[in-house]
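S.K.: Sequence:
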Amino acid sequence: MSEVDPKKLKLAMLAVYQVKEGELLGLMLAMGQRLGLFTPLAQHGSMTAAELAAATATNERYVQEWLYAVTAAGLIEKDSERFSLTPEMAIVLGEAEHPAFTAGIFTGPPLPETVDRLAEAFRTGIGFGWNDHGAGVAEMQRAMGTNNKRAHLVSEVLTAMPTIKDKLESGARVIDVGCGAGDLAHTLAKAFPKSTVLGVDPSVHAIEMANHLRANSELDNLEYCLGTFDDLPDESADIVTTFDVLHDLPFPERAAEQTMEALGGSGDWLVADIKAGADFEANAKIPTRSLFYSMSVMYCMNSALSEPGGAGLGTLGLTEGKLREIVTGAGFSELEGYEFDFDVNNRYYHITT
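For what it's worth, this note's numbering labels the leading residue of the sequence shown as 18, then goes sequentially.
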């Protein structure tokens, strides 16, 4: 073993403590989201701990310590004993409908039982799917970029794919596979009333959220149901959409084949997936690379290994080249990729028969 440098040893310890700091800070943001602590700060400007506690029916001493924790992380500003959010942070933490709202990603901390199952998956090589993580993770999944996609799906993505947009305007049968809480299927149904949209997802928690969304929308061209690519009837769709799903699947090749069958051999497939590089080094440019690989172990790769022989692609495992190989093998003839300024994480694909 090489000689230990005392200064580097201290820095190594600090690096680990900073990871622990992030873990507990994430819990503080989860508390802020759950208890509604960010909304008054976003709406009313600077507040004291007493004012924020009164506005949220919470205990002042807990709120004060929470404010210190989040302020120490640089997310809240402090002037004397008054606390405030910058205009930008007010959006990110306090405006739930804004495309840049991000605080919702802290709604689903890992459950103790899923941590135990993950440890077992390390031993067996067999993971488990999104549904097994519970309702909180379905909420987290919804918060990870859904607002952003919803705001730009019609105006930018579909405008860049006029063939799909024209079909939607004329009236098409759409199936959104892996629809999650149903927001993007809802967006399509609302924007294109002549089309019918079916959202399909294997998570009972996500479908419950989707059906709640539908019940409050009064859209008669929108439905949701439990299911996967395996459940798509032949010749049941003119357009299939898949947003941030394929890298989670144990058998993406089979999903592509089932999509082709659902399209009856003729139609359009709109896919969005993570903008991944060819290998670990190629992904160095991603500022949240560690987050993506960690999410992959917990969720994405874990799901993609949930059946024996699963592909195990994971969050950063579906490159454009890999996707092209998959869809070509299923009989699709063309794949065109698109990147948009509004979405730094995803690449969009128009795949045709």
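It is possible that part of the hints are untrue.
Each computed DSSO-like pair below joins lysine-lysine, with the alpha-carbon atoms no more than 27 Å apart [to be verified]:
no.: 1; residue 1: 37; residue 2: 95
no.: 2; residue 1: 292; residue 2: 302
no.: 3; residue 1: 182; residue 2: 207
no.: 4; residue 1: 27; residue 2: 37
no.: 5; residue 1: 25; residue 2: 339
no.: 6; residue 1: 339; residue 2: 302
no.: 7; residue 1: 302; residue 2: 37
no.: 8; residue 1: 25; residue 2: 37
no.: 9; residue 1: 182; residue 2: 292
no.: 10; residue 1: 184; residue 2: 207
no.: 11; residue 1: 339; residue 2: 292
no.: 12; residue 1: 182; residue 2: 211
no.: 13; residue 1: 184; residue 2: 211
no.: 14; residue 1: 24; residue 2: 37
Label pairs and their calculated CB-CB ranges [claimed, not checked]:
no.: 15; residue 1: 44; residue 2: 248; range: 45 to 53 Å
no.: 16; residue 1: 37; residue 2: 207; range: 24 to 32 Å
no.: 17; residue 1: 348; residue 2: 53; range: 18 to 26 Å
no.: 18; residue 1: 252; residue 2: 134; range: 20 to 28 Å
no.: 19; residue 1: 143; residue 2: 345; range: 37 to 45 Å
no.: 20; residue 1: 27; residue 2: 341; range: 35 to 43 Å
no.: 21; residue 1: 208; residue 2: 25; range: 37 to 45 Å
These aren't lab readings, by the way, just hints derived from the structure by calculation. We put the beta carbon where it would ideally sit given N, CA and C, even for glycine.
S.K.: Each hint: holds or not?
M.R.: Each hint tested on the structure:
Restraint check: the Cα-Cα separation between residue 37 and residue 95 comes to about 24 Å, which is no more than 27 Å; the hinted pair holds. Restraint check for residue 292 and residue 302: satisfied, since their Cα atoms lie roughly 11 Å apart, inside the 27 Å limit. With a CA separation close to 13 Å, the supplied pair residue 182 and residue 207 stays within the 27 Å bound. For the proposed pair residue 27 and residue 37, the alpha carbon gap of about 15 Å is at most 27 Å, so the pair holds.
With a CA separation close to 41 Å, the supplied pair residue 25 and residue 339 exceeds the 27 Å bound. Under the criterion of a C-alpha separation no larger than 27 Å, the hint pairing residue 339 with residue 302 is consistent with the structure, at around 20 Å. Of the pairs offered as hints, the one joining residue 302 and residue 37 holds, with about 24 Å between alpha carbons and a cut-off of 27 Å not exceeded. For the suggested pair residue 25 and residue 37, the alpha carbons sit about 19 Å apart, so the restraint of at most 27 Å is met.
With a C-alpha separation of about 23 Å, the suggested pairing of residue 182 with residue 292 holds against the 27 Å cut-off. The hinted pair formed by residue 184 and residue 207 meets the criterion: a straight-line CA distance of about 15 Å does not exceed 27 Å. Distance restraint check for residue 339 and residue 292: the Cα-Cα separation of roughly 12 Å lies within the 27 Å cut-off, and the hinted pair is therefore satisfied. The suggested pairing of residue 182 with residue 211 holds, with an alpha-carbon distance near 12 Å, which does not exceed 27 Å.
A threshold of 27 Å between alpha carbons decides the hint, and for residue 184 with residue 211 the separation of about 10 Å falls inside it, so the pair holds. About 20 Å separates the Cα atoms of residue 24 and residue 37, which keeps this hinted pair within 27 Å; it holds. For the hinted restraint 45 to 53 Å between residue 44 and residue 248, the CB-CB distance of approximately 37 Å leaves it violated. The hint said 24 to 32 Å for the Cβ distance between residue 37 and residue 207, and at roughly 44 Å that hint is violated.
In this structure the hint that residue 348 and residue 53 lie 18 to 26 Å apart at CB is violated, the actual value being about 50 Å. Between residue 252 and residue 134, the C-beta spacing of about 38 Å breaks the proposed range 20 to 28 Å. Take residue 143 and residue 345: their Cβ atoms lie about 29 Å apart, and the range 37 to 45 Å is violated. The supplied range of 35 to 43 Å is broken by residue 27 and residue 341, whose beta-carbon atoms lie about 48 Å from each other.
Taking 37 to 45 Å as the suggested C-beta distance range, the pair residue 208 and residue 25 does not conform, at roughly 56 Å.
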